[in-house]
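Just so you know, we're using full-length UniProt numbering here: the sequence shown kicks off at 1 and counts up by one.
Careful: at least some of the hints might be erroneous.
To be verified - Result set (DSSO-like, lysine-lysine): computed pairs, CA atoms no more than 27 Å apart in a straight line:
(1) K54 <-> K43
(2) K118 <-> K66
(3) K222 <-> K69
(4) K211 <-> K223
(5) K94 <-> K183
(6) K155 <-> K43
(7) K43 <-> K118
(8) K155 <-> K94
(9) K172 <-> K66
(10) K208 <-> K222
(11) K63 <-> K118
(12) K155 <-> K222
(13) K56 <-> K43
(14) K56 <-> K69
Said to hold, decoys possible - With beta-carbon atoms standing in for the labels, derived distance ranges:
(15) A136 <-> K223: 48 to 54 Å
(16) T71 <-> T168: 15 to 21 Å
(17) K172 <-> N220: 49 to 55 Å
(18) G42 <-> R127: 30 to 36 Å
(19) A200 <-> I96: 40 to 46 Å
These are computed hints drawn from the structure, not numbers from a lab. Since this is a predicted model, take the numbers as computed values, not measurements. Glycine included, C-beta positions come from ideal geometry on N, C-alpha and C.
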Amino acid sequence: MSVKRILTIAGMAVAGLVLIILAFTTWYTVDEGEQAVIITFGKADETITESGLKFKLPWPVQKVEKLSKETFSTTFGYNQDEDGNLISYDKETKMITGDEYIVLADLVVQWKITEPVKYLFNSENPRELLHDATAASIRSIIGSSPIDDALTDGKAEIEAETRDLLSTLVDKYDIGISIQGVKLQDVELPNEEVRSAFTAVTDARETKSTKINQAKKYENQKKNEATGERDAILSRAQGDKTSRIEQAHGDVAVFNKLYGEYRDNQEITRERLVLETLEQVLPGAKIYIMNDGEGTVKYLPIQPPQQAAPQSTDQNAQEEGGENNGQ
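When you get a sec, could you build the whole thing from the sequences and use the hints?
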């Protein structure tokens, strides 16, 4: 075989290799759930977020790094093996509360890659950095919280504070990810004896809360009854007030009318008032009115109102005749 032929074969092989490289490295595809970073001679140029078929310069001029746009989950304090079994890391989850109790806390952090260039180049291992930031955040929040909050109704607040602190740390590290959520999976005491004692305390606290709620309910019931009774008394008093005012207005009107009559006919009005007063003071009594001829009228109660035995028809007739003669 001649040298020329060898060179020709070698040239064809190199050309074929170049063609293969061009064929396989000048295009790429981006799926719906992916984002890509174009790297030219080791430097990130642009980020591709739209899906579809894309073209670039062949390797080694440009290459593509594809990253997922999905939400990732990072566990703290436990993990799952290939068979789905949970593996706990008690040393990692053991921490001290603000009131110096030991608890075991594990959680899940949800996060997304929002800046692919920073995720690729600002940290050698961003996942490990996120894990360390999660440990620092949860330990800080648990360390400033009482055990009651960590084990009972304060978990939501602990989750929110941990998420805020972790977001602050991740932004400070500038590794191109954002925290979507933090979820406490479990917070428990380290051994059964301590758990039983705390359960007894929790039951006592719940009983106390129940009694307090019942007492408040009884208090509110009595307050409502007292308020209703007070309103009824005020309503009756207002009614009595209005009635008396109206009665006073009526009495004033009667008095004003009577005074007008008295002013026009003083003598007659005076006699009339005396007679009406006698009728009210001595109801049912027989009154004899005698005129002695000197302009003076005398009023003599002849028969008291408490007379017991009724008079006969003849006696009544005689008294009526004498009364007419006297008048």
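A quick look at each hint next to the structure:
Distance hint between K54 and K43 is fulfilled; the C-alpha atoms sit about 19 Å from each other, no more than 27 Å. Between K118 and K66 the alpha-carbon distance is near 13 Å, which keeps this suggested pair within the 27 Å criterion. Distance check on the hinted pair: K222 and K69 sit about 61 Å apart at the alpha-carbon level, beyond 27 Å; violated. With a CA separation close to 18 Å, the supplied pair K211 and K223 stays within the 27 Å bound.
Between K94 and K183 the alpha-carbon distance is near 17 Å, which keeps this suggested pair within the 27 Å criterion. Annotation: proposed proximity of K155 to K43 is violated, straight-line Cα distance about 44 Å (limit 27 Å). With a C-alpha separation of about 12 Å, the suggested pair K43 and K118 falls inside the 27 Å cut-off, and the hint holds. A hinted pair counts as satisfied when its Cα atoms are at most 27 Å apart, and K155 with K94 qualifies at roughly 16 Å.
For the hint pairing K172 with K66, the CA-to-CA distance comes to about 25 Å; that is within 27 Å, so the pair holds. Between K208 and K222 the CA atoms are separated by roughly 21 Å; this keeps the pair inside 27 Å, and the hint holds. Between K63 and K118 the CA atoms are separated by roughly 17 Å; this keeps the pair inside 27 Å, and the hint holds. Distance restraint check for K155 and K222: the Cα-Cα separation of roughly 36 Å exceeds the 27 Å cut-off, and the hinted pair is therefore not satisfied.
Of the pairs offered as hints, the one joining K56 and K43 holds, with about 14 Å between alpha carbons and a cut-off of 27 Å not exceeded. A hinted pair counts as satisfied when its Cα atoms are at most 27 Å apart, and K56 with K69 qualifies at roughly 21 Å. At about 51 Å, the beta-carbon gap between A136 and K223 stays in the expected band of 48 to 54 Å. For T71 paired with T168, a C-beta distance near 20 Å keeps the hint of 15 to 21 Å intact.
A hinted range of 49 to 55 Å for the beta carbons of K172 and N220 is consistent with their spacing of about 50 Å. Between G42 and R127 the beta carbon distance is about 22 Å. The supplied range of 30 to 36 Å is therefore violated. For A200 paired with I96, a C-beta distance near 22 Å fails the hint of 40 to 46 Å.
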